[in-house]
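Peer 1: The chain contents come next:
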Amino acid sequence: MLVPINWLNDFIDIQETPNILVEKLLEHSCEIEEIINKSKDISNVFVGRILAIDKHPDADKLVVCQLDMGKEKLQIVTGATNVKVGDVVPVAVDGAKLPKGIQIKTSKLRGVLSQGMLCSEVELNLAQESAGIFILPRDVELGISVIDYLKLDEVILNLNILPNRADLMSIQGVARELSAVYRKPVNKINISELPVKDGRLRIVNEAPELCQRYIGVVINNVKIGSSPEWLQKRLKDVNIKPINNIVDVTNYVMMELGQPLHAFTYSLIDDSQITIRKAKDDEEMTLLNDEILKLNSTHLIIADKHKPIALAGVMGGKYSSIMEDTANIVLEAACFDAVSVRRAAFSLGLRTESSQRFEKGVDFNNVEIAIRRAILLILELAGGEVTQYSDVKEKEPKKVAIKFRPKRINELLGTNLEKNEMLTILTCLGFVLQDENIIVPSYRAADVYREADLVEEIGRFHGYNNISPVLPEINDFSKNCKPISHFSINNKLREMLTGFGANEIVSYSMISPLESKQLYNKKTLAIKNPLSITESVLRPNLLVSLLKNCEYNSKNLVQDLKTFEIGNIFYNQDGSIKEELCCAALFTGKKEKTSFEKSERLFDFPDLKGIVEDILQNSGIKKITYFENNSFPFLHDFRSAEIRIGKAILAIFGEVHPVIQKQYDFRRKLYYFEIFIDNIIKYQSNKKQFKPFSLYPVVKRDVSFWIDKKIAYETIIKVIEQAKPQFLVDIKLADIYDGNKYGEEKINYAFSIIFQNHEATLTEEQVNIDFKKIVATLESKLSLIFA
Amino acid sequence: MIDIINKIKDDFWTLLQESNSPDKIDSLRVKYLGKKGDLTSLLKQLASLSIEEKKSTGALINQLKDDITLKLEEKFKYIEDQAFKTQLLNEKIDFTLPANKIKKGKLHPITLVNNEIQAIFQELGFIIAEGPEVENDYYNFSALNFPADHPARDMHDTFYLDYHEPRLLRTHTSGTQIHVLEQFKPPVRVIMPGKVFRSDADISHSPVFHQVEGLYVDKNVSFSHLKAVLQYFLESFFYKGASIRMRPSFFPFTEPSVEVDVACVICKGKGCSMCKQSGWIEILGAGLVDPNVLKNVNIDPDIYSGFAFGVGVERLAILKYGINNIKLFYDNHNFFLEQF
Ligand SMILES: [Zn+2]
Chain A
1 MLVPINWLND FIDIQETPNI LVEKLLEHSC EIEEIINKSK DISNVFVGRI
51 LAIDKHPDAD KLVVCQLDMG KEKLQIVTGA TNVKVGDVVP VAVDGAKLPK
101 GIQIKTSKLR GVLSQGMLCS EVELNLAQES AGIFILPRDV ELGISVIDYL
151 KLDEVILNLN ILPNRADLMS IQGVARELSA VYRKPVNKIN ISELPVKDGR
201 LRIVNEAPEL CQRYIGVVIN NVKIGSSPEW LQKRLKDVNI KPINNIVDVT
251 NYVMMELGQP LHAFTYSLID DSQITIRKAK DDEEMTLLND EILKLNSTHL
301 IIADKHKPIA LAGVMGGKYS SIMEDTANIV LEAACFDAVS VRRAAFSLGL
351 RTESSQRFEK GVDFNNVEIA IRRAILLILE LAGGEVTQYS DVKEKEPKKV
401 AIKFRPKRIN ELLGTNLEKN EMLTILTCLG FVLQDENIIV PSYRAADVYR
451 EADLVEEIGR FHGYNNISPV LPEINDFSKN CKPISHFSIN NKLREMLTGF
501 GANEIVSYSM ISPLESKQLY NKKTLAIKNP LSITESVLRP NLLVSLLKNC
551 EYNSKNLVQD LKTFEIGNIF YNQDGSIKEE LCCAALFTGK KEKTSFEKSE
601 RLFDFPDLKG IVEDILQNSG IKKITYFENN SFPFLHDFRS AEIRIGKAIL
651 AIFGEVHPVI QKQYDFRRKL YYFEIFIDNI IKYQSNKKQF KPFSLYPVVK
701 RDVSFWIDKK IAYETIIKVI EQAKPQFLVD IKLADIYDGN KYGEEKINYA
751 FSIIFQNHEA TLTEEQVNID FKKIVATLES KLSLIFA
Chain B
788 MIDIINKIKD DFWTLLQESN SPDKIDSLRV KYLGKKGDLT SLLKQLASLS
838 IEEKKSTGAL INQLKDDITL KLEEKFKYIE DQAFKTQLLN EKIDFTLPAN
888 KIKKGKLHPI TLVNNEIQAI FQELGFIIAE GPEVENDYYN FSALNFPADH
938 PARDMHDTFY LDYHEPRLLR THTSGTQIHV LEQFKPPVRV IMPGKVFRSD
988 ADISHSPVFH QVEGLYVDKN VSFSHLKAVL QYFLESFFYK GASIRMRPSF
1038 FPFTEPSVEV DVACVICKGK GCSMCKQSGW IEILGAGLVD PNVLKNVNID
1088 PDIYSGFAFG VGVERLAILK YGINNIKLFY DNHNFFLEQF
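Heads up: the protein sequence lines correspond to chains A and B, in order. Quick note: the first sequence uses this note's numbering, first residue 1, plus one each step. Quick note: the second sequence uses this note's numbering, first residue 788, plus one each step.
Everything labelled a hint here was simulated from the structure, so no lab data went into it. Quantities reported herein were computed from a predicted structural model and do not represent experimental measurements. Cβ atoms here follow ideal geometry from the backbone N, Cα and C, with glycine treated the same way. Warning: the hint list may mix true and false statements.
[Claimed, not checked] Below 30 Å or equal to it, Euclidean Cα-Cα: the simulated BS3-like pairs (lysine-lysine) are:
1. B:1082 - A:419
2. B:1082 - A:548
3. B:1107 - A:669
[Unchecked claim] Some chain B residues judged to face chain A by a derived CB distance under 7 Å, without partners named:
4. 893
5. 946
6. 967
7. 976
8. 1014
With the sequences and hints as input, model every part of the structure.
Peer 2: This is how it looks when you write it as structure tokens:
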């Protein structure tokens, strides 16, 4: 919202530097985006009159102008075609500075002396486009600075108005705020002497729920022309292009009072009747820019007998707009439903100054004030007489009254303000105390209707910075409030994983649907309105994120990677949305990147299993059972496993499927695990039980044999345990040898079996008995060849 | 006899100086103190002397014997010490050689900042709570007093899911306030960290970012409590004495609502490029819980009041670590991660 300070001064007399003004607004009202001073980048540009225009001797497209600058004469070469002898124009003289860093110097153009430049509005940064040189009125004093003449040093504030402050969408509204800051009154505009004839414009409101009030006025015999300089200047200051005196007045009043207005050509309204109704499906309306709007029954329109003439509150149609030869006009001021205007503006992509005000809500009472202000301005600037005036009111809004409880207000703010101090603030803002109630002015009814809203008004004008901080007592609320959070398990997982050397990553939850189907083990959920196709599906596992990251790193110098992420995954399970917290890690490349040691090896499956097992054990999973991977297609079919308790999957791990590895063009194998945190929580036990330990010496016996590869290692261990050796404490795999001595299907294992007694030192005999049992059981239960 | 003793003494001294190894000290011991050693044979010669002489000369010899024994021990110890020192010197390691370490992984800066925020609020008695990332309109908007089709919703560019019921990705952590207040009656003092989503992206905005939401509902909770809590937090997080500034703002779920600025952490308020010369940095939004929000969870706003606030984690991390591009957080390059 652009607010020229001098316009503001029409309403409130403030002699304050713009910087202080901005600080006050920031402290009490709203944010300031920018302080605009158009003179800042302009110097040495003066008003001059063209005395003569001659052809350039050596260039067809240039002319040589002689200029009267008041005290001196200048010669300037220009390519402009819109200037005539006698025109008064802005002249940038030698040494002038213009916006965008342009500097003007005396020079020769094709051999002819040029002592400056004639300026267009674009060159002075006064407009986005201009047809040629900026032609000024002929009565302007020659030689005066353009900054002074155009009042470019007047400061304009660009305010950032929040959605709840419809009342600040006008110069008057901002003035009201300053009134409470400076405790000064706001000047009222004079709208009383309105010459109204008895004529009544026919208005039919077929949608009273969407249009609370509609005032239509007919003014006859207006003379369409340009607006006066002062009005054009103010419109340009707020970035509105002047069109003609009628349209300019509607825009001027909108900016000043916050009420959008619209003007139609009366003679082009069929049957001279205004109808407010919902559009029919497939009805069309042509806009001023010849664009054709396709309307439907959700759109509220203003129509004549046959057709729509305006999209209510958003934009007028071309057909009955104001034209050069318009003589009689219909002026409209209305109170349209905020939601309806908002939906229409959104659905048709037409967010206008008008719609932005309606969607925040306009003031029922202000409709009349604004139209009266506009009528008086039109009569003044375009002549004519008011012949018809109709005011259609549906239900009038109720006055808002809020019980005034100074004690409660102080309690909520933590202040100790006197009742009168509160009332001073409220009175400046237009609130009135009536009995024990505060009556809210209609222009604030949209955002002030409860005690809390009064608390805000008093808080912000007393100044939040004047409220003393008091720490609340620190009580233990955990007895009363025990929310479930993953905070502690997440931090534990983070601690363990960083301990294993993995770095934590944080990724987007959205991924590309184009990733390999093999990556998905679940039905994914898509985003209806993604920013891009690469971020249009919610990730059904964390592998996608970790792979993407691995790809990015490997393309950017990092090949050895250990990363993990803790985050939510999302999927559609039998029609319902599942959101699940997971912890996953990806390992690839050298196992331990040491500084200068030569012996390095690649990270492998047992490394991965070790990490997963350690994490689960340290998370309180006492017994870990491995199963074949049946549900996760993104892992290598025969180099992966699940850890389950019953049907609940606690973790999966393994080598990333070679198909995926190939797709991403990774040269090294990738190892991945995913832990399902909620299942860990479900099955974890934090019980710790001490067991006595023995310090009697241990005895080690080795055994080595060849066995069929198909026999799982775990089976061998179980067989050894089945022998029930009395003193067995541990079975260690000492070596694996996958040689061809007994054919490809056999593998050699060397075990170290550890014995210990808890009560005394073991005897040779005791160990021999146990060891023999083991060997005998192995031989009887498994087919093996001792090495 | 005395001359002989003196000669032995002088000879010993000369030999002792020359002896620089344990072996040589040993042979000196044998030479002087051994069974056939010089002093032993000298003592044997005493027999031929008179009692008087025997006594005085014997004492001299014994004195010499004690001296030699002591000197030999001293020299032996000295040699041993020297040898040990040499050995240590030979074992010298160049401690400037690179370390060979099992490198610990690093936590993401978002986690680090989150942990720091949580620790500070835990000091003030806040408990951690979580909420879902996929929400419905009620929790993300309407329960938080965002009317349907209200311009307030424009501030939240929302991702919607392609699903048979309307579902969205939460645009803020504020919805968790509702989940918590549905489950627990006041007094409630919680912080709610989490990932949030907005469907806009540019150089300074990422469609995914993190917030920490705070909520305290009880009897007699006031704006001055809010101010003190935020002051405590920002001073703990940035620097002691960091001044804060509050100015009016608008959030549908708080009334009054404020924007909180902290004196620029770079220039301490003097004005620099980080704070666009204003000396202030916008850091969080806060306010008293709107009575409509309390009503939505069946809490009587005439009895209870509360405050809430929300802070952007990336923003804090940017200020704390001087990270100059929000994209870095989500690129997760190892060179970035290993700096924290
Ligand atoms: Zn600064």
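Peer 1: Run every hint past the structure and note whether it holds.
Peer 2: Here is how each hint holds up against the structure:
{"no.": "1", "hint": "B:1082 - A:419", "in the structure": "holds, 28 Å"}
{"no.": "2", "hint": "B:1082 - A:548", "in the structure": "violated, 45 Å"}
{"no.": "3", "hint": "B:1107 - A:669", "in the structure": "violated, 37 Å"}
{"no.": "4", "hint": "893", "in the structure": "holds, 5 Å"}
{"no.": "5", "hint": "946", "in the structure": "holds, 5 Å"}
{"no.": "6", "hint": "967", "in the structure": "holds, 6 Å"}
{"no.": "7", "hint": "976", "in the structure": "holds, 5 Å"}
{"no.": "8", "hint": "1014", "in the structure": "holds, 4 Å"}
Going down the numbered hints, you'll see the structure goes against 2 and 3, while the others check out.
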